[in-house]
Amino acid sequence: MFRRLSDRKESSVSFTFNGVPTMASQGDSVAAALLAAGHCSTRRTPVSGAARGPYCMMGVCFECLVKIDGRPNRQGCMTTVVTGMRVETQDGAAMPGQEE
Amino acid sequence: MIQNVQSAADLAPAYDLVVVGAGPAGLSAAIEASTHGLAVLLADENESPGGQIYRSVDRASDADLTRMGPDYAAGRRLIERFRSADLSYARRATVWSVGPADEETGDGAHALEVGISLGGIARPIAADRVILATGALERPFPFPGWTMPGVMAAGAAQILVKSSGLVPSGRTILAGTGPLLYLLASQLLRAGVSVTAVVDTTPVENCRLALPHLLSFATSPYALKGLKLLLDVHRRTRVIRGVTAIEAFGSGQFSALRVRRGKKSLHIQGDLLLLHQGIAPNLNLTLAAGCDYVWDERLAAFRPTVDVCGASSVPGVSIAGDAAGIVGAVASALQGELAGLTAALDLNRLGQGAYQQRRNQLSRELALALRGRTFIEHRFRPGKTFRVPEDDGTIACRCEEITVGKLREVAALGVPGPNQMKAFTRCGMGPCQGRLCGLTAVELLAQYRDVSPGEVGYYRLRPPIKPVTLGELAALPHTEIAIVAVAGFVERAADGAQGK
Amino acid sequence: MDYDVIVIGGGLVGVSIAWGLSKCGQRVAIVDEGDLANRAARANFGLVWSSSKGLGNAAYSRWSRTSTANWHQLAAELKGETGIDTGFVQSGGFSIRLTPTELERGIASMAKLAGQPGMDAEGTPPLEYEILDQAETRRRLPLVGETVAGAIFSPLDGHANPLRLFAGFHKALQQRGVHYLPHRKTTAIRHRAGAFELAGDGWRLGAGKIVLAAGIGNTALAPMVGLNVPLSPSRGQIIVTERLKPFLSHATGYLRQTDEGSVLIGESKEATIDHQRPRGPITAVLAERALRTFPLLREAKAVRIWAAFRVVTPDGYPIYEQSERFPGAFAFACHSGVTLAANHALVLPRQISAGALSEDLSVFHSRRFHVPAAV
Chain A
1 MFRRLSDRKE
11 SSVSFTFNGV
21 PTMASQGDSV
31 AAALLAAGHC
41 STRRTPVSGA
51 ARGPYCMMGV
61 CFECLVKIDG
71 RPNRQGCMTT
81 VVTGMRVETQ
91 DGAAMPGQEE
Chain B
1 MIQNVQSAAD
11 LAPAYDLVVV
21 GAGPAGLSAA
31 IEASTHGLAV
41 LLADENESPG
51 GQIYRSVDRA
61 SDADLTRMGP
71 DYAAGRRLIE
81 RFRSADLSYA
91 RRATVWSVGP
101 ADEETGDGAH
111 ALEVGISLGG
121 IARPIAADRV
131 ILATGALERP
141 FPFPGWTMPG
151 VMAAGAAQIL
161 VKSSGLVPSG
171 RTILAGTGPL
181 LYLLASQLLR
191 AGVSVTAVVD
201 TTPVENCRLA
211 LPHLLSFATS
221 PYALKGLKLL
231 LDVHRRTRVI
241 RGVTAIEAFG
251 SGQFSALRVR
261 RGKKSLHIQG
271 DLLLLHQGIA
281 PNLNLTLAAG
291 CDYVWDERLA
301 AFRPTVDVCG
311 ASSVPGVSIA
321 GDAAGIVGAV
331 ASALQGELAG
341 LTAALDLNRL
351 GQGAYQQRRN
361 QLSRELALAL
371 RGRTFIEHRF
381 RPGKTFRVPE
391 DDGTIACRCE
401 EITVGKLREV
411 AALGVPGPNQ
421 MKAFTRCGMG
431 PCQGRLCGLT
441 AVELLAQYRD
451 VSPGEVGYYR
461 LRPPIKPVTL
471 GELAALPHTE
481 IAIVAVAGFV
491 ERAADGAQGK
Chain C
1 MDYDVIVIGG
11 GLVGVSIAWG
21 LSKCGQRVAI
31 VDEGDLANRA
41 ARANFGLVWS
51 SSKGLGNAAY
61 SRWSRTSTAN
71 WHQLAAELKG
81 ETGIDTGFVQ
91 SGGFSIRLTP
101 TELERGIASM
111 AKLAGQPGMD
121 AEGTPPLEYE
131 ILDQAETRRR
141 LPLVGETVAG
151 AIFSPLDGHA
161 NPLRLFAGFH
171 KALQQRGVHY
181 LPHRKTTAIR
191 HRAGAFELAG
201 DGWRLGAGKI
211 VLAAGIGNTA
221 LAPMVGLNVP
231 LSPSRGQIIV
241 TERLKPFLSH
251 ATGYLRQTDE
261 GSVLIGESKE
271 ATIDHQRPRG
281 PITAVLAERA
291 LRTFPLLREA
301 KAVRIWAAFR
311 VVTPDGYPIY
321 EQSERFPGAF
331 AFACHSGVTL
341 AANHALVLPR
351 QISAGALSED
361 LSVFHSRRFH
371 VPAAV
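For the record, the sequence lines run as chains A, B and C.
Each step along the first sequence adds one to the number in full-length UniProt numbering, with nothing skipped, and position 88 is 88.
Each step along the second sequence adds one to the number in full-length UniProt numbering, with nothing skipped, and position 94 is 94.
Each step along the third sequence adds one to the number in full-length UniProt numbering, with nothing skipped, and position 117 is 117.
It is possible that some hints are incorrect.
Cβ-to-Cβ under 10 angstroms is the rule here; a few derived chain C residues that face chain A [said to hold, decoys possible]:
1. 146
2. 149
3. 240
4. 241
5. 242
6. 243
7. 244
8. 245
9. 247
10. 261
11. 263
12. 294
13. 297
14. 298
15. 300
16. 301
FRET-style restraints, in silico, Cβ to Cβ [what the hints assert, rightly or not]:
17. 109/B to 195/C: 58 to 64 angstroms
18. 174/C to 12/B: 54 to 60 angstroms
19. 11/A to 13/B: 36 to 42 angstroms
20. 81/B to 11/A: 27 to 33 angstroms
21. 391/B to 177/C: 28 to 34 angstroms
22. 56/C to 48/A: 47 to 53 angstroms
23. 174/C to 251/B: 36 to 42 angstroms
24. 97/A to 174/C: 41 to 47 angstroms
25. 48/A to 390/B: 18 to 24 angstroms
26. 13/B to 177/C: 27 to 33 angstroms
27. 12/A to 12/B: 35 to 41 angstroms
28. 125/C to 489/B: 26 to 32 angstroms
29. 128/C to 109/B: 53 to 59 angstroms
It should be emphasised that the hints constitute simulated quantities derived from the structure, not laboratory data.
Keep in mind that this is a model prediction, so the values were computed, not measured.
The beta-carbon is built from N, C-alpha and C at its ideal position, and this holds for glycine as well.
Whenever a hint applies, use it, and build me the whole structure from the sequences.
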């Protein structure tokens, strides 16, 4: 759903999304990297379980919440991807104490 | 040279001035205050300075600058000035509270306290003055289907281009009203994106209402730019005007937009829907700081009450830029400069004479920069049914999934305001803390009671204005009085031994 | 006369009583202040808790225990009328003690409470509690921190969702035709020819009886009808987290998980009503104790912190009274609007309708504060 403009020359970074190796560009936020990789649905709501994805990209809507390196409910648009990062879908509410 | 604050431990316990937000207003305020010798901390949530308007401009290539246009490129000079200023800069820092110094833990010398979280550690920082330059938010745009993946804010698409060089790869529909909608359409078209349609929801009567303000607009810098933009977009894609309702469809992901124009309706297939109906001041921190606010009918939004120099109702706290009312990048920078200058005066780093001279000059420039705004505000004021949807099934509160119908049901109970409505429904209780439902809830209640939203009021906002972990809160300074207030008594090592 | 009874105050105490009065066949209205009134009902914790209450006043212990028992009926009736589930569960509550000293003090205080004369009465559930040592506490609540010294458990205690309770009452009131009239701050009460006239800015209403349930506002209103409701300032602060998956079904005295998933933390008492801003040091101590209690909450995020004023009388027990000079004017003040909601909704309204508070409640008259100090 998003493509990288050909004149962008950042080096690439690899991370995993739900265990699947995924590439991002240096400087991408987690939310941008997921959109670039074709994932527009990145969490399920704690209320009805509805699928949601990044909406505002500027840290105000909390729709891009994901699990990052085991820590739940991180704002994907406010976190920069680094090599080896483990990103997972935030499925409903966080389970306390399950951080790894 | 700016001092980069890398961790919470590197923060000084106190600063003369803490500026929140590194957009044009915050950067200008910080630069100005630092030139007068104030010890300044600029705290910002993002990876790099620039705010949303100048996002990532300092690492933009020539191709990026050409794509985004000269108004974006202008941010480079500001950021260069900022980088060479003598102040402290904390990026990736969340400011979650601003208020009077605590009666117990305050140092007695500084009137204000700012709660900052950086790298997973929260600290209270003392300050004499605080300038809030928290910018604006996209106005909520509730209609059936606006919560589904594949529907995003137009501003989000701009951020993706600026910071990651990402553009929509499929059929893209833009819907809403306002200059940014056309700016984005033009930027995306220039980048080769397939923009299927621009669905313009501007109420038809806006043209008539804006007409009296045309003259000042025509002579403003906005006029020529705006006209060129409109012509450019019209030439290159389909623009649908006079739209009265929209609805997004898709199974699990956006796939089509239904557009109504009066009794007629059409379906437009698409892969991505980008929404915009203007921006509103980001109020959460200013309201949590206790600043008074008013309803601005022209903006159809609340804004904090400030004097000409940006001073709010809370002593020592000023507000500059879009956070105080939508003014755009140029005026924001001027307001920031004025607020920074005034902080320097208040803290006796500047004589009255020199201050007055600079202030008069800035005021003149500000008046010039604001020319044409009234026309724009009238011309692109979003329609009532797009602010408060008629469809009861529409989600108003995205976090708690509260529908407009539920809010109407509770409005009918005679709730005295949005806070009782929040208590009855949980509308506004989620992690976004009302940022995406507040205006909808208030305007709905105002419509129901047939009064101005100003009379209804807004949510009572309290810190933390962004979620902070209990671990961080637990590590904040403790006091004996607080321990007694919570546990009933202070336990000393000896007490524990006696207990065994 | 516009109404049989006007209740002043639309908080939890006011709506509970108004609902009960309506069930007694009274024509009722509630006059309330605006959205930003000092409303304890939007700040409460949601405990339905009686076990530790009433040290120094056995009648208060009995009154609390009866209300806890009556809660089952209240919850069922409200759900029947409105479909709103108040989330009431009486699964027992834990008073968690973090240190041996805290546990000892807790045990001593419970022993003193249970040993008071007059604790038992017919129709009142007896006070039951267990003292749990460290191992037993961990066995029943496996997620508590290793340093938790023990707990006092009572099967009488439980919790409810106070916001849904509040919303449920309001919905039921609307269905019953009770008039809820916000934005009407009462500034004057006159007694004329056996009836009352209330007045505020631009409004005036008459009623045969009035109930003062205005929380802290009662202090100013009571003297208008020959009553005296002294209240002591007490500010409480609560931290609320984002929604979390269920991990704790029991209430504890200062930490509970709501049925919607958020965790509420709060136990502070500050003798002040200077301001309603949450204070950093209080937040810090609350969070630190919460983490000692349940270390797994370390990464849970606080989304709101608020402070509000409790309605506390000088001795901490409620005030229930009728004016002797102006019969028909009642004044009520209490801190535990949730626990006592059942009695306020099911017991008091019958007495108000009948025109006299029962003899058991005489101990809660404010005249207890007017007795000259013993020499």
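Residue hint residue 240/C, partner chain A, criterion CB-CB below 10 angstroms: Since chain A brings no Cβ nearer than about 14 angstroms to residue 240/C, farther than 10 angstroms, the hint is violated.
Min Cβ distance, residue 300/C to chain A: is it shorter than 10 angstroms? Result: holds, 5 angstroms to nearest chain A Cβ.
Closest C-beta approach of residue 245/C to chain A relative to 10 angstroms, hint status: holds, 4 angstroms
Let me know if the C-beta of residue 241/C comes in closer than 10 angstroms to any C-beta of chain A, holds or violated. Holds, about 9 angstroms.
Given a hinted range of 53 to 59 angstroms, is it respected by the beta-carbon distance of residue 128/C and residue 109/B? With Cβ atoms ~55 angstroms apart, the hint holds.
Quick one, is the residue 242/C hint okay against chain A at 10 angstroms, beta carbons? holds, 6 angstroms
Is it true that residue 56/C and residue 48/A lie within 47 to 53 angstroms of each other by Cβ? holds, 48 angstroms
Per the hint of 36 to 42 angstroms, is the separation of the Cβ atoms of residue 174/C and residue 251/B within bounds? Once the Cβ atoms are compared, 38 angstroms apart, the range 36 to 42 angstroms for residue 251/B and residue 174/C holds.
Given a hint of 54 to 60 angstroms, does the C-beta separation of residue 174/C and residue 12/B actually sit inside it? Taking Cβ atoms as reference, residue 174/C and residue 12/B lie about 55 angstroms apart, which means the hint holds.
At a threshold of 10 angstroms, is the proposed contact between residue 146/C and chain A supported by beta-carbon distances? violated, 14 angstroms
Within 27 to 33 angstroms: is that where the Cβ-Cβ distance between residue 13/B and residue 177/C falls? violated, 60 angstroms
Falls inside 58 to 64 angstroms, the C-beta gap from residue 109/B to residue 195/C? Once the Cβ atoms are compared, 59 angstroms apart, the range 58 to 64 angstroms for residue 195/C and residue 109/B holds.
Checked against the numbered hints above, the structure violates hints 1, 2, 3 and 26; every other hint is satisfied.
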